[in-house]
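S.K.: Below are the chains, spelled out letter by letter.
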Amino acid sequence: MLRFILRRFLETIPVLFVIATATFFMLRLVPGGPFTAEKAVSKEILQNLQAHYGLDKPLLVQYGNYLWDITPKKLAPWRLFADADRNGTPDFDLKAAFGVDLGPSFKYPNRTVNEIIADKLPASLELGLWALSVALLIGITLGVLAAMKKNTGLDYAASTLAMVGICVPTFVMGPLLVLLFALKFGWFNASGWYFASDRVLPAATLGLVYAAYIARLTRGGMLEVLNQDYIRTARAKGASETRIVLKHALRGGLLPVITFLGPAIAGIISGSFVIETIFQIPGLGREFVNSAFNRDYTLVIGTVLLYAVLIVTLNLLVDIVQVWLNPRLKFE
Amino acid sequence: MRVFFPILPAFRSALVRLLPIPVACTALFFAACSKSSSPADSSAAAGKKILLVGNGAEPQDLDPHIVTGVPEHHIIMSLIEGLVTEHPSGVGVAPGTAERWEHSDDGLVWTFHLRADAKWSNGDPVTARDFVRSYERMLSPAIASQYAYFLFHVVGAEEVNKGELKDFSQTGFSAPDDRTLVVRLKKPVPFLLESLKHYAWFPVHIPTVEKFGGLTKPGTAWTKPGNFVGNGPFVLAEWKPNQHILVTKSPTYWNAASTKLDGVKFLPVDNSETEERMFRTGQLHITGGLPIPKIKVYREQHPAEFRSDDYYGTSFLRLNLNKKPLDDVRVRRALALSIDREAYVKVLEGGQKPAFHFTPESPGYSPRERLSHDVAEARRLLAEAGYPDGKNFPPLELLYVTSNAGKQLAEVLQQMWRTSLGINVSLRNEEWKVYLASQESMNYSIARAGWIGDYPDPHSFLDMWVTGGGNNLTGYSNPEYDRLLASALAAPDDAARMEIYQKLDAFLMRDLPVIPVNFYKTIHAISPRVKGWTANLLDNHGWQYLDLAE
Amino acid sequence: MVKNPTASGSVSDEKPRSPWRDAWLRLRRNRLAFIGGIFVLVLAFVCVVVPPFLPFSYEEQNLALGATPPSGTHWLGTDELGRDLLSRLLYGGRISLMVGLVASLVALTIGVTYGAIAGYVGGKVDALLMRVVDILYALPFTIFVILIMVFLKEPMNQLDAWLRQFSWLSNLQGIGKIVGLFAAIGAVEWLTMARIVRGQVLTVKKMEYIEAAKTLGYGHARIIFRHIVPNVLGPVIVFTTLTIPAVMMLESFLSFLGLGVDAPLSSWGTLIKDGADKMENFPWLLIFPGGVFACTLLALNLLGDGLRDALDVRSAKD
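So the sequences go chain by chain: A, B and C.
Numbering follows my numbering, with no gaps: position 70 of the first sequence is 70.
Numbering follows my numbering, with no gaps: position 377 of the second sequence is 709.
Numbering follows my numbering, with no gaps: position 104 of the third sequence is 986.
Excised from the complex, chain A in its bound form:
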């Protein structure tokens, strides 16, 4: 097991390297630099700005500096949550914890990318976790019910609901929910991330799509198990239906869900771009899209790297859990 974990961990390093290099060159070699402003800029001013951000050095030197800056140079993860400015909330200080410096932002001259990420990441993580919880809770419940009452009205209703969830884009679902629950009924705020109740609509919009997929997967997986011979044996032996479902079928239903967790997390992360825009959530997704459009090189690279690390790590965890549950997978 340990060897498996180590092997997979080492495999992630070339992935991250490829991503970092690809993003760096994609940004540098494409027209449209980061330095244009509302009023025309003279040559001297432009030179000064470029020197400030280190853009006047040759490309390979920039690349080398960049690689050095983003490589973790120390391992102090306890520093990650230290409350440096003592305002009661933990700050993600990547520099103190791992020695990773993502450079100054181009668009916001007095802030570094580390700061911006530290600021915005918690909101996105929170949104993602709520959405995932919604997806799992609703999806698994719906899937179990559908499987248990197969081919009844409930099954068809659940399956239809699931289908709708898959086919309606989030940027339609979001405003619809806002229209209904925030504007018509006034139960929630239309946007913002202040109250606890502000989490509901965004998480629901993002989570319902994945709830739909998960419901289908759970239902499918459980049905596969329920068709097996040993279930018939258990029934013949007199085991109660609940016991059968919870003890045997559920496991079969959850295995495909776990496999799906990887793509689901990637999907939730990319879905967050849209949700954060619709609901004005101060998260990293919106920041990423804006920085891509604004050619804010350092911020784009910083966010891409962060997402890559996040996804890669989570995929690794999911794989490990899968292998732990089903050791045969180690050899595939």
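Certain hints may be false.
[Unchecked claim] Quick list of in silico lysine-lysine cross-link-like pairs, DSSO-like style, CA-CA up to 30 angstroms:
1) LYS723/B - LYS656/B
2) LYS184/A - LYS380/B
3) LYS498/B - LYS57/A
4) LYS380/B - LYS863/B
5) LYS184/A - LYS628/B
6) LYS863/B - LYS184/A
7) LYS556/B - LYS73/A
8) LYS494/B - LYS543/B
9) LYS1059/C - LYS656/B
10) LYS494/B - LYS57/A
11) LYS1059/C - LYS723/B
12) LYS73/A - LYS57/A
13) LYS853/B - LYS863/B
14) LYS685/B - LYS853/B
15) LYS739/B - LYS655/B
16) LYS380/B - LYS556/B
17) LYS381/B - LYS184/A
18) LYS1006/C - LYS1096/C
19) LYS57/A - LYS549/B
20) LYS1006/C - LYS1087/C
Simulated from the structure, these hints should not be mistaken for laboratory data.
These numbers were taken from a predicted model, which means no experiment stands behind them.
Using the hints, position chains B and C against chain A.
M.R.: Chains B and C alone, transformed into the frame defined by chain A:
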């Protein structure tokens, strides 16, 4: 390694079943960690009057010598006060840090007398020397301020900015004593007072800036809450990027007694549909704009909350004179005459006026040379230029900034040209920064553009088009135009000056490096609780004059 | 007279049934999937054939009219510039369906080739190729699609400008952008296809009739095309049918971010995006495009599910 295997399948399944729980717990952990303070919540609870304002984009920074945008202007206005400030009526200037001023007969020497009780937010008095050193910073090549040219009317300013003059004491800025500031100009500038309201002329607290990285380093930490020191009616209390900026009433402001609000919260909402929804649920008192479909609804059904005022600016099309066939004035004129401006402004819904001349009207100035809507003439010109009915017309692109409204309006223009002239213009949209880069590198054919006057005088519209002007970007070069413009400031009186501007506008409408389309209107949804809001041509409102009723 | 027992048409009148025919019959029995398939075909037909016969074009503006609800002249209403929604919907359908189909085919071509080679050659080559797939699978793809579209905008604009010089292409505005969409989306969706195909090829390779074919001396090409490919087709068809809606969803997502096709062309994605903004005031602008979009995705998903059941395929994209 073998240790993991003996775990019973039942345990594993139970673990899997319980998966959502730790997930939910982690989520709760993060929820507990992130601070929650709703805008409406905190103000209502503490009984404080906090005005909630939708401010468009997240500001780049709050350093007046670095920023270039309108959202930044609104916030900085609350934190720093210049020599003069906005008048409560919305028109003209009111004394700010300077309580009175006078100028020499030839208009070249201005003397400002600062008030005795002008203080920085940390208690230091505001001195004339603060202003002189601020201007030194503003003009220093190292700061690379993009509004440095605003100060070029002052003797020696341009030379300092170009690095030719190193000794700042040789410029026209001087402080004979703590409370007197003297400014010597190269030429008389009739609109000087109005232009002093712009943040390019604002002072900064020198010791603070020096403490955080030095006077000539841009983008330092001095603008962060807790560090920021200003002399305006409010102080910087909180800055949560992309969430809000909170400024609270400054006790050291000289006019603190008449500042009625306890604070202003600026929310950077960049989506106008979201902003409007926030207004409806009470999360905003003032919006920065309204989505076009909603304008009619508000105007007809909620007139008490709807505000539409003239905005001193023109929406126009920039033409790249270096690109064929735009180098032929007949083609340009054909494009200009075939736009149905009346129908176009109907789409905007805000009551905007069509623009048949470039410079907007202002008191004492109404351009005489105008365009018209004449499709027959446009077609004749196009045929004369060699493209009857649009045959063989080279492909052109219309560049615009990515936005819902921008797309709509670009499509309208595209269709108008297609139906009346028979030519195909394709659309190209780019983000703000990329769009600016395209224009600056002349990598465009036709570009939708807008210009808001930096001060309410025709000069701010007409000085754009000098040869090589930083905002020209069309390739237009007319020595006669340049000469006339330079002579405008030396005109004997206002009437003569306005006549010169008439000639300049006429040049523009004959040579057509630009095609004016419509004049702007500012559109806001404003809660009836807001008192003291007056129309302002540049949409700059002194926050110290506003009040929030119950 | 002696009657020929076989001529009476009872027992041995049945033709020998191929597995394809079995699958087809199973599919026909699955009502939902069948309806879904018919729906998509009819819709595609309408989008391709009908538009030139409509009274209004998709770009004709009527500024005085503005946005109007469905009426006798404009069956689905008009948008804020007075353009007929029905026409825009059908022309938009052309684009959306085309993007969905072509991008899926791009993904299919890349994926099948890659997976087939990996599976057939096997050994170290297979291990290496699949390692690459694993690595790529871990990438945050939507992020890269966004980056690609953002940074390809400029080159695509230049490509458009160059293509427009050819007057016979001048009617196809924005074609560079669309090609970019195909490439970006297709480049992202091929991975799972490659995995599936490789898995299938590996399974089939072990079958005895392949051994037999090899012993008989059949060449590689013949084995691949006559024996392996037909058995791989099942999952490929299913997966392609299920990729098309995913691609269409991705296209609408990109349109929301402003990376879709250029005006005045419309795709369902851009129509939905515009409609979502104006949902309160002009609900028909969202209901019709959104409804058609959702129904098409639904139909394709049902069809894909039905095909999966009919072809008895496991572990296809879920």
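S.K.: Now look at each hint and say whether the structure bears it out.
M.R.: Hint by hint, here is what the structure shows:
With a C-alpha separation of about 15 angstroms, the suggested pair LYS723/B and LYS656/B falls inside the 30 angstroms cut-off, and the hint holds. Restraint check: the Cα-Cα separation between LYS184/A and LYS380/B comes to about 29 angstroms, which is no more than 30 angstroms; the hinted pair holds. Between the alpha carbons of LYS498/B and LYS57/A the distance comes to roughly 28 angstroms, so the proposed pair stays at or under 30 angstroms and holds. With a C-alpha separation of about 16 angstroms, the suggested pairing of LYS380/B with LYS863/B holds against the 30 angstroms cut-off.
Our distance criterion of 30 angstroms between C-alpha atoms is met by LYS184/A and LYS628/B, whose separation comes to about 20 angstroms. The suggested pairing of LYS863/B with LYS184/A holds, with an alpha-carbon distance near 29 angstroms, which does not exceed 30 angstroms. Pair hint LYS556/B plus LYS73/A holds up; C-alpha atoms about 29 angstroms apart against a cutoff of 30 angstroms. Of the supplied pair hints, the one linking LYS494/B and LYS543/B holds, its CA atoms being roughly 26 angstroms apart against a limit of 30 angstroms.
Straight-line distance between C-alpha atoms of LYS1059/C and LYS656/B comes to about 24 angstroms, which keeps the hinted pair within the 30 angstroms bound. Restraint check for LYS494/B and LYS57/A: the C-alpha separation of about 24 angstroms stays at or below 30 angstroms, so the hint holds. A hinted pair counts as satisfied when its Cα atoms are at most 30 angstroms apart, and LYS1059/C with LYS723/B qualifies at roughly 26 angstroms. Restraint check for LYS73/A and LYS57/A: satisfied, since their Cα atoms lie roughly 24 angstroms apart, inside the 30 angstroms limit.
Distance hint between LYS853/B and LYS863/B is fulfilled; the C-alpha atoms sit about 21 angstroms from each other, no more than 30 angstroms. Taking the CA atoms of LYS685/B and LYS853/B, the gap is near 8 angstroms; set against the 30 angstroms cutoff, the hint holds. Note on LYS739/B and LYS655/B: the hinted pairing holds, with a Cα-Cα distance of about 23 angstroms set against a maximum of 30 angstroms. Distance check on the hinted pair: LYS380/B and LYS556/B sit about 23 angstroms apart at the alpha-carbon level, within 30 angstroms; holds.
A hinted pair counts as satisfied when its Cα atoms are at most 30 angstroms apart, and LYS381/B with LYS184/A qualifies at roughly 28 angstroms. Proximity of LYS1006/C to LYS1096/C is assessed by CA-CA distance (about 21 angstroms); at most 30 angstroms being required, the pair is judged to hold. With a C-alpha separation of about 20 angstroms, the suggested pair LYS57/A and LYS549/B falls inside the 30 angstroms cut-off, and the hint holds. With a C-alpha separation of about 16 angstroms, the suggested pairing of LYS1006/C with LYS1087/C holds against the 30 angstroms cut-off.
When held up to the earlier numbered hints, the structure conflicts with none and fits them all.
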